[in-house]
Structure formats: structure tokens, C-alpha cells
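Asker: Each chain is listed here by its residues.
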Amino acid sequence: METDVLKKVPVREQDPKVRAHNFDEVCLGYNEEEAKCEASRCLTCKNARCIQGCPVSIDIPAFVEKVKTGEFEEAIRIINKASSLPAVCGRVCPQEKQCESMCIRGIKGEAVSIGKLERFVADWARENGIKPTAPAGKKDKKVAVIGSGPAGLTCAGELAKMGYDVTIFEALHEPGGVLVYGIPEFRLPKQNVVFPEIENVKALGVKIETNVIIGKSTTIDELMETEGFDAVFIGSGAGLPKFMGIPGESANGVFSANEYLTRSNLMKAFDDSYDTPIRPGKKVAVIGAGNVAMDAARTALRLGADVTVVYRRSEKELSARQEEIHHAKEEGIKFNLLTNPTEILVDENGWVKGMKCIRMELGEPDESGRRSPIPIEGSEFETEFDTVIMALGTSPNPLISSTTKGLEVNKRKCIVAEEEFGRTSKEGVFAGGDAVTGAATVILAMGAGKAAAKGIDEYLKA
Amino acid sequence: MYKILKAKMLAENIYLMDVEARRVADSCLPGQFVIVKIDEKGERIPLTICDYNRETGTVTIVFQTVGASTKRMAMLKEGDSFRDFVGPLGQPSELCSQPVDELKKKKILFVAGGVGTAPVYPQVKWLKENGVDADVIVGSKTQSLLILEKEMEAVAGNLYVTTDDGSYKRKGMVTEVIKDLVQVQGNKYDLCIAIGPMIMMKFVCLLTKELSLPTVVSLNPIMVDGTGMCGACRVLVDGQVKFACVDGPEFDGHKVDFDLAMKRQQLYKTEEGRAYLKAQEGDTHNGGCGNCN
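From first to last, the protein sequence lines are chains V and Z.
Using our numbering, you'd call the opening residue of the first sequence number 6 and step up by one each time.
Using our numbering, you'd call the opening residue of the second sequence number 150 and step up by one each time.
Just chain V, same shape as in the assembly:
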């Protein structure tokens, strides 16, 4: 295989015209030859900056070296030491802002495709039946983990490796959290990627009890006082949707991205053999420009809609990953930038018939560091839509914090926890991920889950 060392080995993808009509994965990943070839671009730096860029500190040069030499089983063992969900991270981590942004190769040319290599190794391990093994030594302490998303799974996995008796409590009927209800099939296949990774965590000895809503079915205090848990980790995410508060928002055909995606992802509305109803819409507006907005837009497109992303700032401020924006555009999603909805137009039967928007211009940077959008007076216009999906971000659910004695939250209802070890204001209770930070990324949640596992271990040893 011939290569230009300055460039990444290109990764094969489904043709945009074809994938716009199916829910199969967009990116097809490397094969063995491509992976080895890409791995050979790694300079195996002694002082590997890429590791510092990884929230869970995977020994990147070491595993890439094993890919180079074709010792894939060794490669997965190295990754597994640091990460419980490599097939997930290889797909959804923003590597361009993390490990790959630190890569020395990237100074002159393109960084090594660390994410795609991680994905290759994880997929190879799954296809070859390599599973992590449960630890031999068991500790006589019970830990409850609340939420089975990236933070919870990571924390549970780490604690199980240390020998603790870990039970995860999940509110929904399927474990996986945002990996299952939020991120679509075409970016992160459930049956072939997410569920096997969850099985791997279970293989470490972690128990998962679904359909338990902490704060309703039972409480943290009850878990500790009557069910004998010695410590608790809260990784309950940020699940509450935001709406704009504009007229017409309660009309039929206005959805939160959470609802739209949950129906399609968790409840499999795109698959006719499921009972779940969904109204895909014919002309859909998605409000927002983060990864969730791209996921909702691309889901609506695959369900047959004509989709426009409406965002109040400009191209430069789009907060979704570059790769997602690029994929969305390739598939035919339109972008209506510097535009803000001011009203949802509703027909006499209560259904969405359009949207009134106003044009925006950018002013001085606001506290987020991005230039703040200012409405241009008199620039209102109306466009027809039959569906509007609000993807404006999410905030943590107060269900747990409001039912746990002595658990401090900040004014955004995020649980207050120390970054280093995830300690909260309540003894024996730790927290991490979106429940603490507000909506962020899978890998940051995993990093927090891992840190809290260390904190819990220290606490239980003391």
C-alpha cells in the first residue's frame, strides 16, 4: 500500500447518496492493511503528547505500535487497561480536539488517525471474541452506580477491575444511556458496537438493574441505609431538554431532539417491526448546531424529510464536530445560518405550518468567547415547515439531587463534585459526567467516571 506519510490513510465511508436513505453506519473503518499502514505513520514519541490529550490516558504509542506489528490482541489489552469502551470512543470522541490535536505528525501534515485505529482494534477484538476477564480477588464492598451511560459504565468497569461488587441502576429499559437513546445507529451501531461493549463491562462482574429510577423507585439514602451500598457514583447525565420559550412551541410537530432521537434510537421507530410511532415530517427545521442537532437532522433526513438546520450564529461557531457537519452537508442537509426563530406558526388544528425567523449579525464576543448574535431589525421572514426539532442543549435532571439529603447542586442544577476524585458534598457519594458538567462529551464523562472510581477506591480503603 502506497502512502503519503503526511496524510492519513483515508477511511472508507458509505456513499452519501446511499446512506441518506439507510441507518447503517456511515464510516466503514480500516481493514488490517489500512490500519497497519496508518499505524506506521506514528513517530512513537518518547514524550507522547497524545496521551496527555486523552481524558482516560490510553497509552496511545504503545497500542499503535502493536497495530503496526499486527499484534492486535496485545493492542486491545493496552487500550483496555485505560478504557472500557474503545469501540464507542473510536467512533464518537472528538479526537481532533484531543489526542490527535497533540500529535507531532500533525505539525507538518495530518495527525495520526488515532481514533480510527482505536476503533479498528476494538472491532477486531470483538470479531475475534476477545473479552476482558473478571478479576480474581474480590473486595467485600458494594458500590451502586446510577446511570449506565459512558460515565457510569466506565466507573463501574474500573471498580469491578479493582474487585468491588458493583451494581448499575438504569432508569430506562435498556442500558447505555446517551449511547443508546441519543447517538444514532448510523454513527454508533447498537447491536454490533454498544451492546457488546456493555457485555464486556458485565463480563468484569458488573450487575445492571434496568427500570430503576433513583429518586422515585428508591433513593440514594435508601441504597446506602437499607441495601448495604458502601459508596455511590452518580452518572445520571443531563437529560432535560430545553425549549426556546417562543409562541407556538406547544404545537403538534414541535419536538425536543431528545424525544425525536429517543423514539428513533432507543425505541427503534425507524424499524417497522417496532410499535413505536414517529412523525418524521416532510419539511423539518432543526434548531441548534451541536452534535445533537446534527444527529437529529441526519435522522430526519433518513426518515425521508427535507431538512434545514437553523442556527443563530455563523459557520465558524457551529459547535458540532467538523466530521459531523461535513457528513451532514454531504448528505444534503441545508444550513440556514445567522437566523433565529421568533415564532412557530400553527394551523387551526394545532399543527406546525411554518416558522417566523429573524436574521442575525454577530457582535462582540460574549462570556462563551463566541461572538454574540444580534437580531437585525425588520429582517423577519416566514418559511414553511411541518416539523421543528429543538436541539438547544440539555441540563441535568433534578430527580436525584432533590431526593438526596445533603447533596449540593449549583444554580444550573449540576451536582457539585471535585474534579480530581468526583467527591460530592455527601459522604460516600461521588459524581461525574454530564450530571456534574452539564451536557458535554462521551469521553469527558468517561474520564470523570474513571477519576471517581479512584476516589471511591481511596474512600473505601480508608
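What the hints contain is simulated information worked out from the structure, not anything from laboratory work.
There may be inaccurate statements among the hints.
[To be verified] In silico lysine-lysine, BS3-like type, Cα no more than 27 Å apart, as pairs:
| id | chain 1 | residue 1 | chain 2 | residue 2 |
| --- | --- | --- | --- | --- |
| 1 | V | Lys321 | V | Lys339 |
| 2 | V | Lys195 | V | Lys144 |
| 3 | V | Lys418 | V | Lys358 |
| 4 | V | Lys361 | Z | Lys391 |
| 5 | V | Lys466 | V | Lys86 |
| 6 | Z | Lys190 | V | Lys287 |
| 7 | Z | Lys404 | V | Lys247 |
| 8 | V | Lys207 | Z | Lys152 |
| 9 | V | Lys212 | Z | Lys152 |
| 10 | V | Lys273 | Z | Lys328 |
| 11 | V | Lys207 | V | Lys247 |
| 12 | Z | Lys404 | V | Lys273 |
| 13 | Z | Lys391 | V | Lys358 |
| 14 | V | Lys207 | V | Lys86 |
| 15 | V | Lys418 | Z | Lys190 |
| 16 | V | Lys212 | V | Lys273 |
No experiment lies behind these values; they were computed from the predicted model shown.
Keeping the supplied structure of chain V fixed, place chain Z upon it in accordance with the hints.
Answerer: The following block gives chain Z in isolation, referenced to the frame of chain V:
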């Protein structure tokens, strides 16, 4: 898996089941609901808790067949299981948080319509257990659709049954019974709790507002997760957007925007679901889906 210990048909298309669900039975209170899912491919169906037994760890649900999943649920027999059964969801009825001495001073009127009789039952029973007798009006389309009459009789102070077609006991709508009790017989009530079809709750509230009788209703809108995540169940109460799943399901009936709530109910209705709503709402059916008149 959540085992069904008892399954019985109460009336045409209305079913009762006792389901083993220890965590729910241990922690639920009247007014709360559960979400059940029959199997991997079923929908998540929210159902108000009809009864519970903390000793046996069972929860009683009553449901009406409306769409694909409830139809399949109706076929389940004793010994079968639900794949998922989660709860309790929502806030308990406000009654449960009031001091019993206060409640004893109050005269409470329950108005139950159709399958809404099921969620009214645990509240009346809870009051009875706490030494409070409440009056109950149960309305049904016709005698054959009347449910839980004997059970209700055992826990209610006075029970007034009415059927739309006069096939059993009184004839007429529940609102006529309210008028009769309050305006003709001169009964004084401090609180009304109305649970039933949206259209019934709307008209009960219009009447009780005139009568200056505070009224609580229980809403059962479309929802997915039941924990505040999807926002599908948003309702307008006193001009504010509320999520029925976490802020409710019970609200001040005089402040609920019923017209909007009824339109939102049409969102995902199947053909048979629309037909069912149309039959239930009769002449007042507003066909919010745009596909029916």
C-alpha cells in the same frame, strides 16, 4: 421480567392486571403512574397505578386497548410477564401529603369517567384507610363498560353511578350529577378530583369553576420516558409549560389548557386510536390530527 399474577377483562377492551414489581409496590403512592413495555418491540405505555400491595409486592394496572401495544398486552395471561415495568413516576396525589386531621374536615368529591375509574380507586381507598369518607361519581358510556363498581362501593362514602345512555342507574353525564348534588341537594364540597377522558375533565372543570369548587385533574398525555427527558408530555397550566410526567400528573384543573392538551393527544394516534378518541369525545371531537373530522 415482571410477572403477571392476575389478569382479567373488566369490560370490553378494558383489562386489569396484578403485576409483580417489588420496587414500585414498595414506594408508590396514589396518584402516581408506571410505564410498562410488553416486549422488546412494544411501546412504553404510561398507566396510572390502580392499586398496590406492599406485602405481596404487586401493583395493579388497568388499561384500555387503544393501539398496537395495548392490544398485544390484552392477550397476556396469568403467568406471563412484562419485559419492563418502571415507576412510580410523577408526584403522588396532594392528598397524601396533607395531615389526616385536615382531610377529615374536608368534604371531597371524586369524579371518575370510564377507565379513569381505575386511578380514582386508590385515592378513595387511601382516604377510607385514613378514616375519610369521600363521595364518588362514576360515569360510563353504558352499563357493560362500567368497571370496578363493587370495589368502589366498598371504599366510597356515597357512590353515584351514571351512564350516558341510561342503561344502568342514573342517565346522563357526570356533570349533571355534580349539578344535582351541589345545586339541587345542596351538598357542600371543598375539593373535587376528576379523572377521566380529557373532554370529561374539561367540562367538569368548566362547571366546578362556576361552582367555585377547587378541582384537581390527572393528565395522561403522550410521553416516552416518564422522567422529564423527552418533553412530549408538555402541557400548559396557568400559561406555564409543565411536564406532566414530573410536575404532574395531577394539576389544578381550572388552570389547565384542555384544548391544547386534547390537540396534543392526537399526535401519534393510529387509525384505531383516532376512532377510539372520536367515539369517546362524541360531538365534541375536534379532530386535531387533521385526518379526521
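Asker: With reference to the structure, classify each hint as holding or not holding.
Answerer: Comparing the hints with the structure gives:
1. V:Lys321 x V:Lys339: 16 Å, holds
2. V:Lys195 x V:Lys144: 32 Å, violated
3. V:Lys418 x V:Lys358: 35 Å, violated
4. V:Lys361 x Z:Lys391: 24 Å, holds
5. V:Lys466 x V:Lys86: At roughly 21 Å apart (the allowed maximum being 27 Å), Lys86 (chain V) and Lys466 (chain V) satisfy the hint.
6. Z:Lys190 x V:Lys287: 25 Å, holds
7. Z:Lys404 x V:Lys247: This hinted pair holds, its Cα atoms lying about 23 Å apart.
8. V:Lys207 x Z:Lys152: Given that 27 Å is the threshold and the Cα spacing comes to 25 Å, the pair holds.
9. V:Lys212 x Z:Lys152: Roughly 21 Å separates the two Cα atoms, so the pair holds.
10. V:Lys273 x Z:Lys328: 48 Å, violated
11. V:Lys207 x V:Lys247: Cα-Cα ~34 Å, so violated.
12. Z:Lys404 x V:Lys273: Not satisfied, since the Cα-Cα distance of roughly 36 Å exceeds 27 Å.
13. Z:Lys391 x V:Lys358: Given that 27 Å is the threshold and the Cα spacing comes to 23 Å, the pair holds.
14. V:Lys207 x V:Lys86: The given pair, whose Cα atoms are some 16 Å apart, holds under the 27 Å limit.
15. V:Lys418 x Z:Lys190: 34 Å, violated
16. V:Lys212 x V:Lys273: Given that 27 Å is the threshold and the Cα spacing comes to 25 Å, the pair holds.
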